[in-house]
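Keeping their order, the protein sequence lines are chains A and B.
Last residue of the first sequence: 478 (our numbering), numbering continuous.
Last residue of the second sequence: 407 (our numbering), numbering continuous.
These are computed hints drawn from the structure, not numbers from a lab.
Any given hint could turn out to be false.
[As the list claims (entries may be wrong)] In silico lysine-lysine, DSSO-like type, Cα no more than 27 Å apart, as pairs: (1) A:K230 to B:K179; (2) B:K256 to B:K202; (3) B:K348 to B:K256; (4) B:K366 to A:K171; (5) A:K335 to A:K230; (6) B:K256 to A:K230.
[Claimed, not checked] FRET-style restraints, in silico, Cβ to Cβ: (7) A:E135 to B:E262: 46 to 54 Å; (8) A:T64 to B:N234: 54 to 62 Å; (9) B:A258 to A:I347: 49 to 57 Å; (10) B:A345 to A:T64: 53 to 61 Å; (11) B:S251 to A:A327: 38 to 46 Å; (12) B:A380 to A:A16: 50 to 58 Å; (13) B:V46 to A:A16: 55 to 63 Å; (14) B:G271 to A:A327: 34 to 42 Å; (15) B:A345 to A:I131: 55 to 63 Å; (16) A:I131 to B:P391: 41 to 49 Å; (17) A:A153 to B:N230: 33 to 41 Å; (18) B:E12 to A:P472: 41 to 49 Å; (19) B:L5 to A:L473: 36 to 44 Å; (20) A:R441 to B:P391: 44 to 52 Å.
From the three backbone atoms N, C-alpha and C, an ideal C-beta is built for every residue, glycine too.
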Amino acid sequence: MTGTIAFREPDAGILARRETIIEELQALLPEDALVHEARELVPFETDAFLAYHRVPLAVCLPETTEDVAKVLRYCHENGIPVVPRGAGTSLAGGAIGQEDAIILGLSRMNRILDIDLPNRAAVVQAGVTNIAISEAVAPEGFFYAPDPSSQLACTIGGNIGMNSGGAHCLKYGVTTNNLLGVKLVLVDGTIIDLGGKMLDSGSLDLLALVCGSEGQLGIITEATVRLLAKPEGARPVLFGFPSSESAGACVTDIIAAGIIPVAIEFMDKPAIEICEAFAHAGYPLDAAALLIIEVEGSEEEMEAMLGRIVTIAESHGVMAVRRCQSATEAALIWKGRKSAFGATGRIADYICMDGTVPLSQLSYVLRKTSEITDRYGLRVANVFHAGDGNMHPLILYNINDPEDAARAEEAGAEILKLCVEAGGCLTGEHGVGIEKRDLMRHQYGEADLRQQMAVRAAFDPAWSLNPSKVFPLEGRND
Amino acid sequence: MTELLTPETEAEAAAIIARHHDSGAPLRLCGGDTRSGFGNPVEAEVTLSSRALSGIVAYEPSEMVMTAKAGTPVAEIEAALAENGQFLAFEPMDHRGMIGTEGTPTIGGVFAANVSGPRRFALAGAARDHLLGARFVNGRGEAIRAGGRVMKNVTGLDLSRLIAGSHGTLGFLTEVTFKVLPAPKSAATLIVTDLTEEDAVKLMAAAMALPLEVSGASHLPYSVRSAFLNDGINGDSATCLRLEGLPESVSARLDKLAAYAEPFGPLTRLGDADTRELWREIRDVAPYQDRSLRPLWRVSVTPSEAAALVGAMRLEAAVDAFYDWQGGLVWMRMDGAPEADILRALLKKHGGGHATLMRVDPAARKLTPAFEPQPAAVAALDARIRAKLDPRGIFNPGKMAQQEMAA
Ligand SMILES: Cc1cc2nc3c(=O)[nH]c(=O)nc-3n(C[C@H](O)[C@H](O)[C@H](O)COP(=O)(O)OP(=O)(O)OC[C@H]3O[C@@H](n4cnc5c(N)ncnc54)[C@H](O)[C@@H]3O)c2cc1C
Ligand SMILES: Cc1cc2nc3c(=O)[nH]c(=O)nc-3n(C[C@H](O)[C@H](O)[C@H](O)COP(=O)(O)OP(=O)(O)OC[C@H]3O[C@@H](n4cnc5c(N)ncnc54)[C@H](O)[C@@H]3O)c2cc1C
Numbered sequence: 001m002t003g004t005i006a007f008r009e010p011d012a013g014i015l016a017r018r019e020t021i022i023e024e025l026q027a028l029l030p031e032d033a034l035v036h037e038a039r040e041l042v043p044f045e046t047d048a049f050l051a052y053h054r055v056p057l058a059v060c061l062p063e064t065t066e067d068v069a070k071v072l073r074y075c076h077e078n079g080i081p082v083v084p085r086g087a088g089t090s091l092a093g094g095a096i097g098q099e100d101a102i103i104l105g106l107s108r109m110n111r112i113l114d115i116d117l118p119n120r121a122a123v124v125q126a127g128v129t130n131i132a133i134s135e136a137v138a139p140e141g142f143f144y145a146p147d148p149s150s151q152l153a154c155t156i157g158g159n160i161g162m163n164s165g166g167a168h169c170l171k172y173g174v175t176t177n178n179l180l181g182v183k184l185v186l187v188d189g190t191i192i193d194l195g196g197k198m199l200d201s202g203s204l205d206l207l208a209l210v211c212g213s214e215g216q217l218g219i220i221t222e223a224t225v226r227l228l229a230k231p232e233g234a235r236p237v238l239f240g241f242p243s244s245e246s247a248g249a250c251v252t253d254i255i256a257a258g259i260i261p262v263a264i265e266f267m268d269k270p271a272i273e274i275c276e277a278f279a280h281a282g283y284p285l286d287a288a289a290l291l292i293i294e295v296e297g298s299e300e301e302m303e304a305m306l307g308r309i310v311t312i313a314e315s316h317g318v319m320a321v322r323r324c325q326s327a328t329e330a331a332l333i334w335k336g337r338k339s340a341f342g343a344t345g346r347i348a349d350y351i352c353m354d355g356t357v358p359l360s361q362l363s364y365v366l367r368k369t370s371e372i373t374d375r376y377g378l379r380v381a382n383v384f385h386a387g388d389g390n391m392h393p394l395i396l397y398n399i400n401d402p403e404d405a406a407r408a409e410e411a412g413a414e415i416l417k418l419c420v421e422a423g424g425c426l427t428g429e430h431g432v433g434i435e436k437r438d439l440m441r442h443q444y445g446e447a448d449l450r451q452q453m454a455v456r457a458a459f460d461p462a463w464s465l466n467p468s469k470v471f472p473l474e475g476r477n478d
Numbered sequence: 001m002t003e004l005l006t007p008e009t010e011a012e013a014a015a016i017i018a019r020h021h022d023s024g025a026p027l028r029l030c031g032g033d034t035r036s037g038f039g040n041p042v043e044a045e046v047t048l049s050s051r052a053l054s055g056i057v058a059y060e061p062s063e064m065v066m067t068a069k070a071g072t073p074v075a076e077i078e079a080a081l082a083e084n085g086q087f088l089a090f091e092p093m094d095h096r097g098m099i100g101t102e103g104t105p106t107i108g109g110v111f112a113a114n115v116s117g118p119r120r121f122a123l124a125g126a127a128r129d130h131l132l133g134a135r136f137v138n139g140r141g142e143a144i145r146a147g148g149r150v151m152k153n154v155t156g157l158d159l160s161r162l163i164a165g166s167h168g169t170l171g172f173l174t175e176v177t178f179k180v181l182p183a184p185k186s187a188a189t190l191i192v193t194d195l196t197e198e199d200a201v202k203l204m205a206a207a208m209a210l211p212l213e214v215s216g217a218s219h220l221p222y223s224v225r226s227a228f229l230n231d232g233i234n235g236d237s238a239t240c241l242r243l244e245g246l247p248e249s250v251s252a253r254l255d256k257l258a259a260y261a262e263p264f265g266p267l268t269r270l271g272d273a274d275t276r277e278l279w280r281e282i283r284d285v286a287p288y289q290d291r292s293l294r295p296l297w298r299v300s301v302t303p304s305e306a307a308a309l310v311g312a313m314r315l316e317a318a319v320d321a322f323y324d325w326q327g328g329l330v331w332m333r334m335d336g337a338p339e340a341d342i343l344r345a346l347l348k349k350h351g352g353g354h355a356t357l358m359r360v361d362p363a364a365r366k367l368t369p370a371f372e373p374q375p376a377a378v379a380a381l382d383a384r385i386r387a388k389l390d391p392r393g394i395f396n397p398g399k400m401a402q403q404e405m406a407a
């Protein structure tokens, strides 16, 4: 891309000491735990925000909390910035490092330490993937609720870093609502435990603060998460609508009627076409908008709830209703949705926006979004979590055409500002990272931002942890 | 004599706080003051109340979001929600009976104290899980906006949830925005009688493993049972499991739950009205609304350790207790001294947790830290964070951490 997002000026002193630093870190850690050859560093140059690349000084891949603490203590004493990284699926550039920084990767800490079903809790290392937790407890009838579409790859540490959500968060909440505790290594190497299998905190709710802090407050090495009993059954139903407005109004009415499905996913026409071509899920190609509404419970409950939902959809002129009859069919319906990003990637480069708006503004923001992308001469596909107003416009562009890329970035920024103006926010689940750092002033006033930065500095006075992320580079304070 | 200030606007509140920031004179913060007996004692000549900052600012039922000024009475909020078939899913308790206070509870107080009822252990979570955004005045007298009014928001640090449960030690809340949910149309309770505490804790855990969405799990031993439903529960002890939702689904799930629990002991079913009454009484700690100052603890513990903890405590002191949150919350009343050291040592042995002293006579209160003491590194971090929000330590000094009282 054009590189309009600035990075910090790397510290010349650190660059000059690169060799020594690598030697000292090598001495500190077990063999194999340090990656520093140019060729080996390539996979760590960027994350899923592909537009930016920065080669880090080195990558540490520790296997124990103690080794994480050693690295942090060393970097703290030597003034070296540290960027935590899970699977690197951040779409906001949250895990990108730079020339004078160590990337601290948690991918090797991937053990499930304790599954405690009577207390419905699992203790896992930070590098365990999201899906692995649910898979480990599925035979006993449990699951871990937050289900980001990247769940096959992304780690629980990254989920906590970004406070990730998924399709089912309308009912089950996001990471912060399902997190019971963490083991956290502070910037100076101190190891602390926050929370645990019990529910309340005896002091300030630091867990809430750490969740979504994008690797700025400490390194999470272990997490205690809440497990839930799987519902008896779950059934997604497809609804095709003649317009985005009618689909949006249907969502609002379902919620006003007191019905909370477990998921309400929205796709506009371009998204329907892209996903259908990839997954062959049987999406209605003549519809202008599609909703996937999933309900849960016993057969009787699902029927009762669906009956009410269908009546509401009919009052909004629904064109097609497809109740799926089997688990295979249900999996197929979700496959189309869950592969939306990948399917889009096959036809074009794209940037995925992540603004959230109040439900009543959905239709308005959708209309304005297409006006904005039209104006920039770009295509957009919308696929998102409608039940909670979390929009994901995918702006299609050509990564090899710098002008196109700049236009996409500008259009994206305009869309996010639109979300804020409509009463929403810049990011619902992907985080600020570097991508939205310079838009923060559109959502917060000076005093608001200063207060957040001050709290950040209580953890990391020298701004060493993930330093060029989240807050505008200028005006940082302690 | 202490002075009571009740600003009517955020700007007025900010001006008062800025003056105190300059002079360093402490402020006791409150809403309706219904929980004034709670926490470590605060010595301040001036009390700053949010009660005159009152009124619902915005409410859009189809978005399930409400914004209200901090001093709005909880009753006013509940009434507005009820008109639209909605409610606060975290069912905060009424502390007045237990602590013996008067006054009007405010919504700001609910969030400042993170007041959460029986649904805390189920999907609904705590008050803080429902807080989407807040406006508050920090210790410098600056008005700060945190969070927003949408369900999902990860823009920057989550300061609103940090303020939740900070008991007025980080900022003076002026406005809160929170998620509301459709109120369940129907509710029912299955009571299994005559279980021992150990078996009850096991049954509650097993019930939570069923795909039935149990939304309340409480065990009432014989000593407290008569305090509920006008002594209307039969048998020895009562293990209570609550179901909520659409009527057709509640009755189907109740049958399944009963079939599962059959082998454990005699069963009783409660209908909608009794269910609502029973869980209100559990929420408000009915057995210990005894107009006494006998020490009362709220113990947060790993659920499966609850019965063993209470058993071990009984060997050391005269205690009475009942269980909520599947065992994760133990209400424990002592006959004599609060026995903080014994309780806290045993709690450590039983997987850790937090014992919070809710009630005790004033003399003992001065000597016993109300909140669980933190490990040094966490306490130091807490103190650094407090200093970033309230640099001169003027808000409720000492209320949460006793080391501040000494300083
Ligand atoms: C195809 C695709 C679909 C996606 N769908 C969703 C979705 O539905 N919902 C959603 O919320 N997100 C989604 N994402 C975004 C991304 O997957 C999430 O943000 C995820 O939580 C990141 O996890 P990760 O392990 O890859 O973390 P990384 O990308 O490595 O890191 C993310 C952030 O967390 C920090 N971090 C990582 N590990 C730690 C740690 N142990 N301690 C402290 N900080 C740490 C990093 O510094 C960084 O700021 C999607 C991404 C892709 C590519
Ligand atoms: C569904 C529901 C039902 C309830 N039913 C009842 C009921 O019927 N009757 C009843 O009495 N209660 C009821 N409550 C009780 C209630 O939840 C709390 O006990 C009460 O809200 C505490 O409010 P308060 O204003 O009295 O707090 P206070 O006692 O004034 O304060 C509690 C704590 O919060 C801090 N605090 C208060 N306001 C602020 C502020 N603005 N900024 C910063 N810190 C602050 C104080 O410093 C103190 O530490 C109910 C609540 C709900 C929502």
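Verification of the hints:
| no. | hint | in the structure |
| --- | --- | --- |
| 1 | A:K230 to B:K179 | holds, 24 Å |
| 2 | B:K256 to B:K202 | holds, 18 Å |
| 3 | B:K348 to B:K256 | violated, 37 Å |
| 4 | B:K366 to A:K171 | violated, 44 Å |
| 5 | A:K335 to A:K230 | holds, 20 Å |
| 6 | B:K256 to A:K230 | holds, 15 Å |
| 7 | A:E135 to B:E262: 46 to 54 Å | violated, 33 Å |
| 8 | A:T64 to B:N234: 54 to 62 Å | holds, 55 Å |
| 9 | B:A258 to A:I347: 49 to 57 Å | holds, 54 Å |
| 10 | B:A345 to A:T64: 53 to 61 Å | violated, 30 Å |
| 11 | B:S251 to A:A327: 38 to 46 Å | violated, 27 Å |
| 12 | B:A380 to A:A16: 50 to 58 Å | violated, 34 Å |
| 13 | B:V46 to A:A16: 55 to 63 Å | holds, 56 Å |
| 14 | B:G271 to A:A327: 34 to 42 Å | holds, 36 Å |
| 15 | B:A345 to A:I131: 55 to 63 Å | violated, 41 Å |
| 16 | A:I131 to B:P391: 41 to 49 Å | holds, 45 Å |
| 17 | A:A153 to B:N230: 33 to 41 Å | violated, 57 Å |
| 18 | B:E12 to A:P472: 41 to 49 Å | violated, 31 Å |
| 19 | B:L5 to A:L473: 36 to 44 Å | holds, 41 Å |
| 20 | A:R441 to B:P391: 44 to 52 Å | violated, 24 Å |
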